[in-house]
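Order-wise, the sequence lines are chains A and B.
One point on numbering: in our numbering, the residue at position 15 of the first sequence is 15, and numbering is uninterrupted.
One point on numbering: in our numbering, the residue at position 56 of the second sequence is 56, and numbering is uninterrupted.
Fair warning: there could be bad hints in the mix.
[As the list claims (entries may be wrong)] Stretches of chain A that chain B covers, calculated by requiring three or more beta carbons in the stretch to come under 8 Å of a beta carbon on chain B: (1) 187-201; (2) 510-524.
[Claimed, not checked] Subject to a maximum C-alpha distance of 20 Å in a straight line, what follows is the list of computed EDC-like cross-link-like pairs (lysine to aspartate or glutamate): (3) Lys166/A / Asp84/A; (4) Lys466/A / Glu8/B; (5) Lys466/A / Asp119/B; (6) Lys164/A / Glu140/B; (7) Lys156/A / Glu170/A.
[To be verified] A short list of chain A residues far from chain B (calculated; beta carbon distances all over 12 Å): (8) Ile45; (9) Ala66; (10) Thr100; (11) Leu102; (12) Leu211; (13) Pro287; (14) Ile376; (15) Gly471; (16) Gly474; (17) Ala481; (18) Ala483.
No lab work stands behind these hints: they were computed from the structure.
By construction, the Cβ of each residue, glycine as well, lies at the ideal position given by its N, Cα and C atoms.
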Amino acid sequence: MSTKTVAAPQVSRGKAAQVRLQKFGTFLSGMVMPNLPAFLAWGLITALFIGVGWLPNGILGGFGDADLPGAWQGAATQLVEAEDGTTFHQYLGLVGPMVTYLLPLLIANSGGRIVYGERGGVVATIATLGVIVGSTVPMFLGAMIVGPLAAWVMKKVDSIWDGKIKPGFEMLVNMFSSAIVGGALSVAAFFGIAPVVTRISDVLGKIVELLADNHLLPLMSVVVEPAKVLFLNNAIGNGVLVPLGAQQVVDSGKSLLFLVEANPGPGLGILLAYTLFGIGAARSTAPGAIAVQFFGGIHEVYFPFVLMKPLLIVAAILGGATGIATNVVFGSGLVGPAAPGSIFAVLAQTERSSYVGVILSVVLSAAVSFAVAAVILRATRRRDLALAAAGEMDGLEAAIAQTEANKGRSSSALNALRAESDVAHAAEGHAAEGHAPRTRPIETIVFACDAGMGSSVMGASVLRDKLRRAGVEGVTVTNTAVAELSDDVDVVISQRNLTDRARHRAPGADHRSVDNFMKSPVYDDVVAAVQESRRQAAGQEATP
Amino acid sequence: MSDVLVEERVLLGGTARSRDDAVREVGRMLVDAGAVLPGYVDGMLEREQTAPTYMGNFLAIPHGTLGAKEQILRTAVALVRYDEPVDWDGQPVRVVVGIAGAGDEHLEVLGRIALVFSDDDRVASVLGARDARAVLAAFEPAHPA
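Required output: the full structure, derived from the provided sequences and hints.
Quick look at the structure:
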C-alpha cells in the first residue's frame with residue numbers, strides 16, 4: 001500500500017476511498033472476529049435458556065423469581081416489579097450480563113489492542129464500561145467507538161513523557177497513567193458518548209415509525225438491517241415495530257411488522273454465502289452460526305459476519321426488503337411477535353391464512369441476501385486470500401517480508417525462520433489472525449529472559465541508552481519474562497537459547513538473538529532498523 | 001544508591017573458583033541479608049544450567065528462575081568481585097552480581113550496572129576500585145540522566 005501511494009500520487013479518489021473502506025473492514029473484523037466464540041456461546045445460552053427457549057431456565061435465563069420458596073439461593077438477583085405492582089427478586093442470569101457487558105467489553109478490548117497493544121486493550125475496556133452503564137441501549141456501537149478511541153488517547157498521552165521517565169519508575173508511571181486515563185475516559189464516555197448512542201437509537205426508531213405510517217414498508221429495511229447489526233434490534237423491534245404491529249393485529253388480525261426485524265431469512269442468506277464462499281475461520285464458523293441463528297432465533301450471531309465486511313449490509317437490506325415486499329404482495333403477517341426470531345417461532349405465530357406468504361418471505365429474503373452476499377464475497381475473495389497470505393492473518397510472515405524489504409535482500413536465516421513459521425502455523429491454525437501487516441515504524445522493543453528480572457533488565461537499559469544517544473525518541477524498550485511475552489510488540493530480543501520460546505509467544509514480532517547483553521552488534525542493528533523504519537514512515541506521510 | 005545494593009553486600013576478593021561455587025557464594029550473601037530463602041540459591045543454580053547469566057565484559061548476573069521467585073522475601077542485590085577470572089562456561093567473569101528481584105526496585109540499580117558494563121572504560125573503574133565504597137561510586141551516573 002505504501003509503494004502504491006508513493007509511486008502514483010494521483011490515485012483516484014474512488015480508489016483511495018476503497019482502500020480506506022477495506023482498511024476499515026479489516027479493522028472491524030479484527031475487533032469482532034477474535035470474539036466470535038463469545039457471540040456463539042451467548043447465542044447458544046440464549047437459545048436454550050430464555051423463557052421461549054428450548055430448555056427454559058429461570059435461573060440461567062434470568063427470568064425466574066428467586067423469592068419463591070425453595071428457589072436456588074446465592075445467585076445474583078435484581079429487584080423487579082411484577083405485573084401486580086409488587087416487587088420481587090429476579091435472577092440476573094447469564095443472558096443479559098453477557099450481551100450487556102461481556103460482548104461489548106471484549107470488542108472494546110480487541111479494538112484497543114489493535115490500536116495500542118495490550119495496554120490499549122485495558123484502557124479501552126475500562127473506558128467502555130462507562131458507555132455501557134451510561135445507557136440502557138446495548139453498547140456495541142459505543143464499544144466500537146470508545147474502545148479504539150480510548151486506546152488512541154492512551155497512546156498520545158504516553159508519547160508525552162515517552163523516554164523521559166527515570167529508569168525503574170516506568171512501571172509505576174505506566175500503571176498509574178493508564179489507570180487515570182482509563183478512569184477519566186470511562187466517565188467521559190458515560191456522559192459524552194452514551195447519550196449520543198441512545199439518541200441514535202431513538203432517531204432510528206422514529207424513522208422506522210415514519211416509514212410504517214407512510215406505507216413505505218420495504219424501505220424500512222434500509223434502517224432496520226444496519227440497526228440490527230449494531231445490536232439496536234431490540235430497541236427498534238420491541239420499541240417500535242411490536243407496538244405498531246400489535247395495533248394492526250387489533251385492526252386486521254395480523255401484521256407484517258412483526259416480521260420486519262424477526263425474519264431470519266436475510267441472516268441465513270449471508271451465513272450460507274460465508275459457508276460456501278468465505279475464507280478461514282469465518283467460513284468454518286458459519287454453519288454453526290446458521291443453527292443458532294435460523295433455528296435458535298438468535299440473529300446476533302450473524303452480525304459479526306456483516307461487521308467484518310460492511311458491504312454485506314447491502315445483502316441484508318435487499319434481503320429484508322424482499323421479505324417485506326413479499327408479505328405486502330400476499331397480504332400475509334403474524335398474529336404476534338416472533339421472539340426470538342427463529343423459523344419455529346415465526347411459523348408458530350403465522351396467521352392461519354398467511355403460511356404461503358410468510359414462508360415465501362423467509363425463503364425469498366434468504367435467497368436474495370444469499371445471492372448478493374455471494375457476489376460480494378466472491379468479488380473480494382481473491383483479495384481477501386491475498387491479504388491473508390500477505391499478513392492480515394499471519395503476522396510472522398508479514399514481519400519477515402517487512403524485514404526483508406528493509407534489508408533489501410533475502411537472507412537464508414529469514415528463509416529458515418519462514419519455514420519454521422509454516423510448521424508452527426500448521427499446528428496453531430489461525431491463532432495469529434487479525435494482525436495487520438507491519439508497515440508502521442518500530443515503536444516497541446522488548447527484552448525477554450527467563451525470569452524477567454536480570455538479563456532482560458540489563459539489555460533493555462543498554463539499548464535504551466544507545467537509542468537515546470542516537471537521538472531516537474518515541475521507542476519504548478521494556479523487559480519481561482518470556483512466559484509473559486505478548487504478541488503485540490514490534491521487536492523481541494532474547495538470549496539465543498530462549499529465542500525459540502520467545503518466537504512461539506510472539507509470532508508477530510521481529511526476533512533477534514544476543515549472546516552478549518552488554519555489547520552486542522545486534523543493538524546497533526536494532527538502532528539502525530528503528531531509524532530506517534522511521535525514515536520510511538516519514539516518507540509515506542510526507543507523500544500526499 | 002538506594003538500599004538495594006549497599007556496601008555490606010559488596011565483597012571484593014571472592015574465593016569461589018567455579019561458576020556454581022560463585023553462584024553459591026553470592027547466593028549465600030542474599031540469604032544472609034534475609035532477602036531470600038536458601039531454596040532460592042537452587043533456583044539460581046538451575047537457571048545457570050538452562051541459560052547462563054554471563055552478560056559479557058566480565059559480568060555475570062546470577063538470579064533465580066521464574067519458579068524460584070516465591071522464595072524471595074525482599075528485593076536485594078549482592079556483588080562479588082574476583083581477582084582472578086572465574087570460568088563461566090568458557091567466559092571469564094570478574095564481577096558477579098546476584099539478584100533477588102521481587103518488584104521493580106532493583107531495575108534502576110541493574111540499569112546503572114548495565115550501562116557501566118557496556119562501556120569498557122567504566123568497566124575498568126569497577127575492576128580497579130580499591131574498596132566497596134569505590135565500587136558503588138563507579139556505578140553512580142557519570143552524567144545526569
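TODO: Output the numbers, in ascending order, of every earlier hint that fails for this structure.
DONE: Structure breaks hints 1, 3, 4, 17, 18.
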